[in-house]
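Colleague: Next come the chains, spelled out residue by residue.
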Amino acid sequence: MRRSWDLLYLLTFRELKLRYQDTIFGFLWSLIRPLLQGAVMFVVLRKFIRINVEDYHLVLLAGLFPWTWFQTSLLLAVGSFAGNGALIKKVYFPRFVLPLATVLNNGVQYTLSIPVLVILLVIGGYSPNWTWLVGIPYLLVVEAVMIMGIVLLIASLDVYFRDLEHLTDVFVGLIWFYLTPVIYPLSIVPEKYHDWVLLNPMASLIEGWRNLFLHNQLPGADMAPALIFAAGIAALGSFSFSKMQGGFADAL
Amino acid sequence: MPSDIGGDIAIQFDNVSKHYSLALQKEATDIKSMLLHLPRFFSNARRPFVALDQVDLRVRRGESLGIIGPNGSGKSTTLRVMSGITPPTSGKVTINGRVSAMLELGSGFHPQITGRENAILNAVLLGLTLREARDVLPQIIEFSELGDFIDQPMRTYSSGMFFRLGFSVAVHVQPEVLLIDEVLAVGDAQFQSKCMDHIHRLRANGVTMVLVTHDMLNLPKFCDRGILIEHGKITDEGKPAEVVHNYLSRVEALLALRPEEQQQLKVAQVAI
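Chains as they are written, first to last, in the working numbering: chain A, 1 to 252; chain B, 1 to 272.
Since the hints were made in silico from the structure, they are not lab data.
There could be a bad hint or two in this list.
Incomplete in silico selection of chain B near chain A, CB under 7 angstroms [what the hints assert, rightly or not]:
1) Gly84
2) Thr86
3) Leu103
4) Leu105
5) Thr129
6) Val212
7) Asp215
8) Leu217
9) Pro220
Derived EDC-like pairs (lysine to aspartate or glutamate); straight-line CA-CA distance at most 20 angstroms [unchecked claim]:
10) Lys89(A) x Asp224(B)
11) Lys89(A) x Glu182(B)
12) Lys194(B) x Glu117(B)
13) Lys221(B) x Glu237(B)
14) Lys192(A) x Asp222(A)
15) Lys194(B) x Glu182(B)
16) Lys92(B) x Asp250(A)
17) Lys233(B) x Asp14(B)
18) Lys194(B) x Asp56(B)
19) Lys17(A) x Glu63(B)
20) Lys221(B) x Asp197(B)
21) Lys17(A) x Glu117(B)
22) Lys194(B) x Glu142(B)
23) Lys239(B) x Asp56(B)
24) Lys221(B) x Glu63(B)
The model shown is predicted, which means the values in this text are computed figures rather than measured ones.
Idealized CB from N, CA, C, for every residue including glycine.
Let the hints inform the model, and build the full structure from the sequences given.
Modeller: In structure tokens:
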């Protein structure tokens with residue numbers, strides 16, 4: 001157990017280090033990408049399409065940052081067993097650390113980008129609130145558990161069905177992203193669709209982050225879909241991983 | 001791993017089998033041909049391959065066992081099942097003690113980070129905690145003779161340096177059971193003899209060893225007992241020199257029509 005934690009820690013920071021090694025901007029790239037994406041969406045949606053939302057740039061970034069953690073983790077972790085066949089076939093170690101290290105590494109990057117969001121919030125006239133001290137760790141844990149459950153499931157399945165890498169890319173980037181209130185707040189969705197939108201666990205999670213930063217609102221009963229899904233997928237992910245992992249070395 | 005075996009047994013195989021299913025060649029590799037041959041594509045025909053066939057084996061604590069046999073006979077599968085990398089299809093495997101498997105040196109080394117960082121990660125992969133890995137790091141570095149290179153990214157290493165570090169890590173993770181697959185010929189002659197000395201030292205310290213090798217000369221030097229595996233079964237067992245001799249004699253008979261190879265084998269046998 002001790003060793004699994006150590007391995008997770010070492011792999012998480014090795015990935016962080018590798019990603020920025022020999023780059024000029026280093027960690028800044030983790031901020032540049034979502035900020036740039038946010039800026040483009042702001043111009044297109046706010047200036048061109050004229051979406052009518054107050055402080056739209058903050059609404060956008062408060063959703064886009066945590067979404068980026070989710071999407072990047074899934075895309076990078078789905079192949080973490082299939083892509084490490086050489087290691088899995090030659091060394092026996094707790095394999096679950098491979099996808100989880102990717103999730104943690106991206107979680108660290110998201111956490112480090114929160115101060116940037118806070119600075120923008122302060123510039124926009126919002127002030128930090130005590131609820132953040134409770135809300136941020138709470139939502140970090142919910143999102144981490146959710147992502148870890150999903151990646152354990154899809155990374156295990158990916159060993160046997162490589163199509164999952166493409167499927168994840170298409171499903172998360174093209175479908176899930178637009179059906180989740182990331183580039184728009186739930187409030188502008190017509191009332192009659194709310195129940196449907198909120199069936200999506202990521203919707204309540206992203207709205208949870210947004211309500212925390214923009215309205216100092218602690219997540220309450222409205223987080224239920226995310227909590228239930230996180231618990232369920234974590235159980236399903238660990239179960240399917242433990243069932244399938246024995247065959248990894250033979251299948252790769 | 002739960003165990004109900006005596007304290008003097010390190011590894012026990014009870015009726016262990018390992019089957020692989022090899023996919024038959026599917027002609028359909030793209031959508032068009034897949035659609036044209038739907039029944040065949042979904043029939044999922046597979047050919048079973050028996051890598052280990054109801055093997056019973058015991059290795060005593062502190063014993064050193066050598067495994068020989070032709071290519072594809074199940075030697076490496078035996079080590080992989082022992083190390084836990086792959087579970088047996090049937091039967092029971094019991095291991096007492098911490099296992100370190102040297103199936104390949106430097107698995108998981110990343111070329112972009114330094115030898116020092118790779119050594120730590122590799123040691124933890126092989127079974128140490130981070131604290132233990134940091135404690136043993138100075139010995140690993142000293143043994144590897146890498147000097148200042150230890151703080152260079154590993155892409156700058158020669159292959160000899162790469163394997164020297166891999167070997168150093170593998171023998172310093174304080175295994176109770178050490179599994180070695182054909183990885184003893186590392187580095188130059190001087191480093192090789194140092195590796196051999198270290199293996200002997202581990203043996204003297206009571207580390208249980210299982211060694212797979214094609215190097216018949218080494219078997220009697222390193223092992224208390226030898227086994228021959230053919231077609232997934234143990235077909236001979238006994239004193240290492242005898243097992244090697246019997247095996248080579250049979251191979252020689254097979255090669256009876258090829259004098260030059262016979263000559264080579266004779267040389268090998270004389271050396272034993």
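Colleague: The structure should be examined with respect to each hint, and the outcome stated for every one.
Modeller: Now for the hints, and whether the structure bears them out:
1. At about 4 angstroms, the closest approach between the beta carbon of Gly84(B) and any beta carbon in chain A falls short of 7 angstroms, and the interface hint on this residue holds.
2. For Thr86(B), the interface hint holds, since its Cβ comes within 7 angstroms of a Cβ in chain A; the closest pair sits about 4 angstroms apart.
3. Interface restraint check for Leu103(B): the shortest CB-CB distance to chain A comes to about 5 angstroms, inside 7 angstroms, so the restraint holds.
4. The interface hint given for Leu105(B) is broken, as the beta carbon of that residue sits about 9 angstroms from the closest beta carbon of chain A, more than 7 angstroms.
5. For Thr129(B), the shortest C-beta to C-beta distance to chain A is roughly 5 angstroms, which falls under 7 angstroms, so the interface hint holds.
6. At its closest, the beta carbon of Val212(B) sits 14 angstroms from a beta carbon of chain A; the interface hint therefore is violated under the 7 angstroms criterion.
7. The closest approach between the C-beta of Asp215(B) and any C-beta of chain A is roughly 20 angstroms, which is over the 7 angstroms cut-off, so the hint fails.
8. Among the interface hints, the one on Leu217(B) is violated; its C-beta lies about 26 angstroms from the nearest C-beta in chain A, farther than the 7 angstroms criterion.
9. The closest approach between the C-beta of Pro220(B) and any C-beta of chain A is roughly 28 angstroms, which is over the 7 angstroms cut-off, so the hint fails.
10. As the CA atoms of Lys89(A) and Asp224(B) are separated by approximately 28 angstroms, the hinted pair breaks the 20 angstroms bound.
11. With a C-alpha separation of about 16 angstroms, the suggested pairing of Lys89(A) with Glu182(B) holds against the 20 angstroms cut-off.
12. With a CA separation close to 24 angstroms, the supplied pair Lys194(B) and Glu117(B) exceeds the 20 angstroms bound.
13. Between the alpha carbons of Lys221(B) and Glu237(B) the distance comes to roughly 16 angstroms, so the proposed pair stays at or under 20 angstroms and holds.
14. Taken as a hint, the Lys192(A) and Asp222(A) pair is honoured in the structure, with Cα atoms around 17 angstroms apart against an allowance of 20 angstroms.
15. A C-alpha spacing of about 16 angstroms is found between Lys194(B) and Glu182(B), which places the hinted pair at or below 20 angstroms, so the restraint holds.
16. Under the criterion of a C-alpha separation no larger than 20 angstroms, the hint pairing Lys92(B) with Asp250(A) is consistent with the structure, at around 18 angstroms.
17. Annotation: proposed proximity of Lys233(B) to Asp14(B) holds, straight-line Cα distance about 13 angstroms (limit 20 angstroms).
18. The hinted pair formed by Lys194(B) and Asp56(B) fails the criterion: a straight-line CA distance of about 34 angstroms is larger than 20 angstroms.
19. This hinted pair does not check out: Lys17(A) and Glu63(B) have alpha carbons roughly 43 angstroms apart, beyond 20 angstroms.
20. For the suggested pair Lys221(B) and Asp197(B), the alpha carbons sit about 11 angstroms apart, so the restraint of at most 20 angstroms is met.
21. A distance of roughly 11 angstroms separates the Cα atoms of Lys17(A) and Glu117(B); the hinted pair therefore holds under the 20 angstroms criterion.
22. At most 20 angstroms may separate the alpha-carbon atoms for a hinted pair to count; Lys194(B) and Glu142(B) meet this at roughly 12 angstroms.
23. Among the hinted pairs, Lys239(B) with Asp56(B) is consistent with the structure: their alpha-carbon atoms are about 18 angstroms apart, no more than 20 angstroms.
24. Annotation: proposed proximity of Lys221(B) to Glu63(B) holds, straight-line Cα distance about 13 angstroms (limit 20 angstroms).
Of the hints listed earlier, those the structure fails to meet are numbers 4, 6, 7, 8, 9, 10, 12, 18, 19, in rising order.
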